[in-house]
Structures are given as structure tokens and as C-alpha cells.
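**Q** Generate the whole structure from the sequences, applying the supplied hints.
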Amino acid sequence: MQQALELQPGCLWWPGFLDRAAQEALLADVRTALAAAPLFTPSMPRTGQPFSVRMSNFGPLGWVSDEAGYRYQSFHPDTRAPWPAMPEALIAAWRALAGDDAPPPEAGLINWYEPGTRMGLHQDRDERDLTAPVLSLSLGDTAVFRIGGAQRRDPTRSIRLASGDALLLSGPSRLAFHGVDRIIPGTSTLIGPPGRFNLTLRRVTPP
DNA sequence: GAGTTCCA
DNA sequence: TGGG
Numbered sequence: 001m002q003q004a005l006e007l008q009p010g011c012l013w014w015p016g017f018l019d020r021a022a023q024e025a026l027l028a029d030v031r032t033a034l035a036a037a038p039l040f041t042p043s044m045p046r047t048g049q050p051f052s053v054r055m056s057n058f059g060p061l062g063w064v065s066d067e068a069g070y071r072y073q074s075f076h077p078d079t080r081a082p083w084p085a086m087p088e089a090l091i092a093a094w095r096a097l098a099g100d101d102a103p104p105p106e107a108g109l110i111n112w113y114e115p116g117t118r119m120g121l122h123q124d125r126d127e128r129d130l131t132a133p134v135l136s137l138s139l140g141d142t143a144v145f146r147i148g149g150a151q152r153r154d155p156t157r158s159i160r161l162a163s164g165d166a167l168l169l170s171g172p173s174r175l176a177f178h179g180v181d182r183i184i185p186g187t188s189t190l191i192g193p194p195g196r197f198n199l200t201l202r203r204v205t206p207p
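The numbering of the first sequence is full-length UniProt numbering, which starts it at 1 and goes up by one.
If you are wondering where the hints come from, they were derived from the structure by calculation, not from laboratory data.
Bear in mind that the values here come from a model prediction, so they are computed numbers and not experimental data.
Each residue gets a CB set at the ideal place from its N, CA and C atoms; glycine is no exception.
Cβ pair distances, simulated, as ranges:
id	residue 1	residue 2	range
1	S52	P82	24 to 32 Å
2	G16	S158	15 to 23 Å
3	A22	G48	34 to 42 Å
4	A89	D154	31 to 39 Å
5	L39	T187	20 to 28 Å
6	R182	D154	18 to 26 Å
7	G192	R125	29 to 37 Å
8	T189	D154	32 to 40 Å
9	P155	A36	37 to 45 Å
10	P172	P115	30 to 38 Å
11	E88	R153	37 to 45 Å
12	R182	G16	19 to 27 Å
13	D154	R31	36 to 44 Å
**A** Encoded structure:
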């Protein structure tokens, strides 16, 4: 495995973690899942304003957001069907990068970024278990990703996450604010239409 | 509350 | 393009 870059304590970045063949295989898993659990448009709590990014999920629990709030639930908000199973390749990536003591992931959020979409600076803190790390895998066009500290006012830095890259938020960076400023169309030939899938693996409940 | 832009 |  490649050497990880530690952007800040607990934030590890593996550029090129997945080779092209592994990216293609994982993309096929994503497409299979989306055939059963189509992308949905989340909306903001209280206001109902839609996100620009569309989402789906793998695994027993999926992250959703609507006027009722942010939460994890076992079924698709539109179809009401259970989420597709977590692909073995994602479980293997978790085992390889999250650490031997991390309990298996329960949620595999699929975010689809088209050109012009973004994700504002936020913390991942809807999990009941905030000790397990969060693992992110990128497929397709490069994203301009921004990460700061555990407080919104903390300074931030920007990196470019390319197709096949892995990023882990653990320890002191588990609650780091982060977001996606934009994606850069035409930087990958993996998907076809311009855009980026981000797959985020999380443990939700205490083991 | 993960929505929204702008300035150097 | 980077920063905030």
C-alpha cells in the first residue's frame, strides 16, 4: 500500500489508493446499487431547501436529510426499500485503512457531484459512535476538498481529491469541518458524463 | 444543521 | 486559483 500523507493529526490521505481496475469494479458496484436505490435529493432541515448533491446509500443504515432533520435510517426515503448491501470492496477498504480495532461500517453514503455542485463546510456528527473513523473514497472527476479543525473558525486548507484517492478522518480529525468547494470536469475518464461519486463509510452505532 | 458567493 |  502507498504511504499515507497526514494532512493534520488524524487526517490521512492515500492518493491513488484504488488502481484503475479497482475503480472500475467499484463503479460497477455503485451502478448496481443505484439501479435498486436511485439517487434522491436531500433537503435541509426546517427550510426544506434542496442540496445540490444527490445521494443514495449502501449498507444497513443510510444517511438522509429532509425537513424532519438529519438521520440514519434503514430504508430509501422515496422507495422505502432497504438499502443495497455494502460491497465487499468497501468492507475491504475499511479493514485496510480504518484500523483493526474499528468495528465494521454500517453506512456507505453515495454522493453524486455534478459540475457546479458543492457541499458546504460541515462536521460528520450524526453518528452515535463518534470514536470510529470516517473513510471517504473518490471516483471520477477531481474534487476541490477543504478541511479545517473541530471548530468552524479554525483555519482550513484545500486539497484536490482525485479518482481512486482515499481519505480517513480519525482521532483528532474525526470531527474536523470539511466540504467540497467544486469539482473539476474533465479530470477523469472513469465515469463518462462529468461528475464525481464520493463514497463515505461510517460506523453509526457503538459496537 | 451538509442549503446559498465573492473577492483578492 | 485560493481563501474564507
